[in-house]
Amino acid sequence: MKKTICVLLAAMMLCVAFAGCAKPVEESQPETVQPNTEAVEEVVEEKEWFDNVTITISTVDGSSYHLPFYIAEKKGLFEEVGINIEYVGFPGGPVQMEAIESWDIGTTGIGGVLNCLIGHDGILLANVREDGASQNFWAYNDSDVVTAGQGNNTLSDQIYGSADTWRGKTILCSYGDVKHYTLVKTLEGFGLTLEDVNPLWMDASSCLASYWGGEGDITAVQGSANWDADVNEKMTKVSAATDMGLGLYGSMVANKDSLADTNKADAIVKVIELYFEMMDFMADEANWTDVVNYMVEYNNWCGIEGDFEKFENQLKTGGKFFTLEDQVNVFYAKSENSDLTIMADSIADVLKFYEELEVWEAGSYEKFVQPEHFNTEILQTIWESRTAE
Amino acid sequence: MATRQEKLQEMHKQYIKTERNKTLKLFLISIGSVIGFFLVWELLSIFGVTNLRVLPAPSSILDAFVEKINSTAPDGCTIMQNIITSGEVALLGFLLAACIGIPLGLFMGWFEKADRFISPIFEMIRPIPPIAWIPIIVVLVGVNMKARAIIIFLSSFVSCVVNSYLGIRMTNPTLINVAKTFGARNVETFFKVGIPSAMPMVFTGAKLALTGSWATLVAAEMLASNAGLGNMLTIARKVSRMDIILLAMVIIGLIGAVLLSVLNALEKRKMRWKSNI
Numbered sequence: 028m029k030k031t032i033c034v035l036l037a038a039m040m041l042c043v044a045f046a047g048c049a050k051p052v053e054e055s056q057p058e059t060v061q062p063n064t065e066a067v068e069e070v071v072e073e074k075e076w077f078d079n080v081t082i083t084i085s086t087v088d089g090s091s092y093h094l095p096f097y098i099a100e101k102k103g104l105f106e107e108v109g110i111n112i113e114y115v116g117f118p119g120g121p122v123q124m125e126a127i128e129s130w131d132i133g134t135t136g137i138g139g140v141l142n143c144l145i146g147h148d149g150i151l152l153a154n155v156r157e158d159g160a161s162q163n164f165w166a167y168n169d170s171d172v173v174t175a176g177q178g179n180n181t182l183s184d185q186i187y188g189s190a191d192t193w194r195g196k197t198i199l200c201s202y203g204d205v206k207h208y209t210l211v212k213t214l215e216g217f218g219l220t221l222e223d224v225n226p227l228w229m230d231a232s233s234c235l236a237s238y239w240g241g242e243g244d245i246t247a248v249q250g251s252a253n254w255d256a257d258v259n260e261k262m263t264k265v266s267a268a269t270d271m272g273l274g275l276y277g278s279m280v281a282n283k284d285s286l287a288d289t290n291k292a293d294a295i296v297k298v299i300e301l302y303f304e305m306m307d308f309m310a311d312e313a314n315w316t317d318v319v320n321y322m323v324e325y326n327n328w329c330g331i332e333g334d335f336e337k338f339e340n341q342l343k344t345g346g347k348f349f350t351l352e353d354q355v356n357v358f359y360a361k362s363e364n365s366d367l368t369i370m371a372d373s374i375a376d377v378l379k380f381y382e383e384l385e386v387w388e389a390g391s392y393e394k395f396v397q398p399e400h401f402n403t404e405i406l407q408t409i410w411e412s413r414t415a416e
Numbered sequence: 052m053a054t055r056q057e058k059l060q061e062m063h064k065q066y067i068k069t070e071r072n073k074t075l076k077l078f079l080i081s082i083g084s085v086i087g088f089f090l091v092w093e094l095l096s097i098f099g100v101t102n103l104r105v106l107p108a109p110s111s112i113l114d115a116f117v118e119k120i121n122s123t124a125p126d127g128c129t130i131m132q133n134i135i136t137s138g139e140v141a142l143l144g145f146l147l148a149a150c151i152g153i154p155l156g157l158f159m160g161w162f163e164k165a166d167r168f169i170s171p172i173f174e175m176i177r178p179i180p181p182i183a184w185i186p187i188i189v190v191l192v193g194v195n196m197k198a199r200a201i202i203i204f205l206s207s208f209v210s211c212v213v214n215s216y217l218g219i220r221m222t223n224p225t226l227i228n229v230a231k232t233f234g235a236r237n238v239e240t241f242f243k244v245g246i247p248s249a250m251p252m253v254f255t256g257a258k259l260a261l262t263g264s265w266a267t268l269v270a271a272e273m274l275a276s277n278a279g280l281g282n283m284l285t286i287a288r289k290v291s292r293m294d295i296i297l298l299a300m301v302i303i304g305l306i307g308a309v310l311l312s313v314l315n316a317l318e319k320r321k322m323r324w325k326s327n328i
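So the protein sequences, as listed, match chains A and B. Our numbering puts the first residue of the first sequence at 28, with every later residue one more than the last. Our numbering puts the first residue of the second sequence at 52, with every later residue one more than the last.
Just chain A, same shape as in the assembly (with noise of 0.2 angstroms):
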């Protein structure tokens, strides 16, 4: 009895031990890049407090969108102003969305924006940056839509390829999102349909690693992996979302009952405020290098790895960053084409063409338009405070 209780206590304290060895989640992070402090004591004008209120911010891993919050976060912005920022990545947009009630505020791209406003009454704040960059096709250098040449689609004449080339081919792309949105318009572009191909439809994330494993023609390939060296050298780009104006954007959202929650709204305010102020930063050229180290750092903390020129690249060919003052003379302006702000009416053209492919159901696009799913104030009060200063 008296051996049992003494192996039991040593087993607790190994187990305490052990446990007062785990590093903090923060220790784990890799070391801050040294900034300009220059550019930081500019930034922040006033010094409010937000009495240590937690606000978590979500994305999805390795999204550019999450930037500037990073680069907040890392010139410690948030913890002058006394807000704790937590962070959950997600691996995509619908799963991001799952767990709303998990956070506050976050960045995603269009899917993710959909289904937080259609499948959990979210909030759209914003676009952040054009999403296009990220939708590629790419094949083999010495496939025969590459040496076919470009110029045969009337969409882009960047578009590699013709309609007999494009012809038959194995497509492998992810289904119901913006590639396969970008796959239907590139094919339309040829005047060919899905029909004409033989598409594979596979989780975004395998597509890339299938084709290196001999399946298919065409892949669409996810994310940051489209600076990969690796591709860049033994692939070509035969079909971009940019290249056809498609106008696909990566946004802000919010969850409803976080805005209306009284202890965070101010603290949520004054964080989208800090994000918009580092996307100045992040536009200054000055900065660009801490820019591109901040991106480096960011990525290889989610995992995705990278060196400095391929996320330079990324940054450079990946789209352009909009600023407040973007959203509130663009994207806020009422669109010609519906009583949409342009913000609302660029998602929502993506939207009819997934309910006319019965990806969305039908009703979607109404659910979609609700005005309670679109919050301008916020940001429209950002900006007349920083105006009238």
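To be clear, the hints were calculated from the coordinates, so they are not data collected in a lab. It should be emphasised that the depicted structure is a prediction, and the values quoted were computed from it without experimental measurement. One thing to keep in mind: the hints can contain errors.
[Unchecked claim] Quick look at which bits of chain A chain B covers, simulated, 3 or more residues with Cβ under 8 angstroms: (1) 117-125; (2) 143-152; (3) 197-208; (4) 311-320.
[Unchecked claim] One-sided and incomplete, this derived list gives chain A residues near chain B with beta-carbon spacing under 7 angstroms: (5) Y167; (6) E385; (7) V386.
[Claimed, not checked] The following label-pair restraints were derived from C-beta to C-beta distances: (8) W239/A x V85/B: 38 to 48 angstroms; (9) S84/B x K347/A: 52 to 62 angstroms; (10) S312/B x G330/A: 38 to 48 angstroms; (11) T81/A x A183/B: 29 to 39 angstroms; (12) G330/A x S170/B: 28 to 38 angstroms; (13) G178/A x V313/B: 52 to 62 angstroms; (14) T81/A x F98/B: 32 to 42 angstroms; (15) P154/B x N225/A: 35 to 45 angstroms; (16) D288/A x S84/B: 38 to 48 angstroms.
Cβ atoms here follow ideal geometry from the backbone N, Cα and C, with glycine treated the same way.
Fit chain B to the given chain A structure using the hints.
Okay, now just chain B, sitting in the frame of chain A:
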């Protein structure tokens, strides 16, 4: 006056009738519990206790089923196309696992040298979750039906091996000694004593493998699939169709239950000698 024979026959008929009534009652209790579960769920939905966005009512799931009979939205296939595709993949994986795993387990359990040779490798493979094999399978085999069947095979294989192994190891030594006494060689004893003795555990392993194969279906169809219940579930998730997600889960559960009952019936038929089946 009824003869003794007639009286015995009458008593036997009465006994059979009683047993059938008992079986029917037990069956109705089982059906009743399932119906009761769905009824309670529906009532909770009607009275607003559950969040319909997160947990649709059973009637919504039924509506989704009716819709999917003819509609290919949102995944591109009707419900029957999905069931057939999934059935092919799951059964192929299961049958592969059974055909390879059961003989392997029996062999390892009986022949010590085989056990010593194969066990270390098997014990290393055993804890690896089937999903972890996906990247290697993609590179080696591609993303076709073969690859999906291999993933399901990997999830079912372990149950077949382990239970067959344990089953034959539990063979009553007395029976083995009797066989030896009557001059049976080791191989003969293996086939005539060991394998029949291991059958109850073999069937247990097969049942576990069958449920495992259905459970792994969703992961396997995420690999690459134009059709299937797992694919239907994955696409439904992308478009917030909780009713279709639950429909896929219910159908996977129901088909799994039906297949298990088929296996149970096969077990009863093949092992009538076992009294407690």
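Now the hints, each set against the structure:
no. : hint                                : in the structure
1   : 117-125                             : holds (count 4)
2   : 143-152                             : holds (count 4)
3   : 197-208                             : holds (count 4)
4   : 311-320                             : violated (count 0)
5   : Y167                                : violated, 16 angstroms
6   : E385                                : holds, 3 angstroms
7   : V386                                : holds, 5 angstroms
8   : W239/A x V85/B: 38 to 48 angstroms  : holds, 47 angstroms
9   : S84/B x K347/A: 52 to 62 angstroms  : holds, 59 angstroms
10  : S312/B x G330/A: 38 to 48 angstroms : holds, 45 angstroms
11  : T81/A x A183/B: 29 to 39 angstroms  : holds, 34 angstroms
12  : G330/A x S170/B: 28 to 38 angstroms : holds, 35 angstroms
13  : G178/A x V313/B: 52 to 62 angstroms : holds, 60 angstroms
14  : T81/A x F98/B: 32 to 42 angstroms   : holds, 35 angstroms
15  : P154/B x N225/A: 35 to 45 angstroms : holds, 38 angstroms
16  : D288/A x S84/B: 38 to 48 angstroms  : holds, 41 angstroms
Checked against the numbered hints listed earlier, the structure breaks hints 4, 5; every other hint is satisfied.
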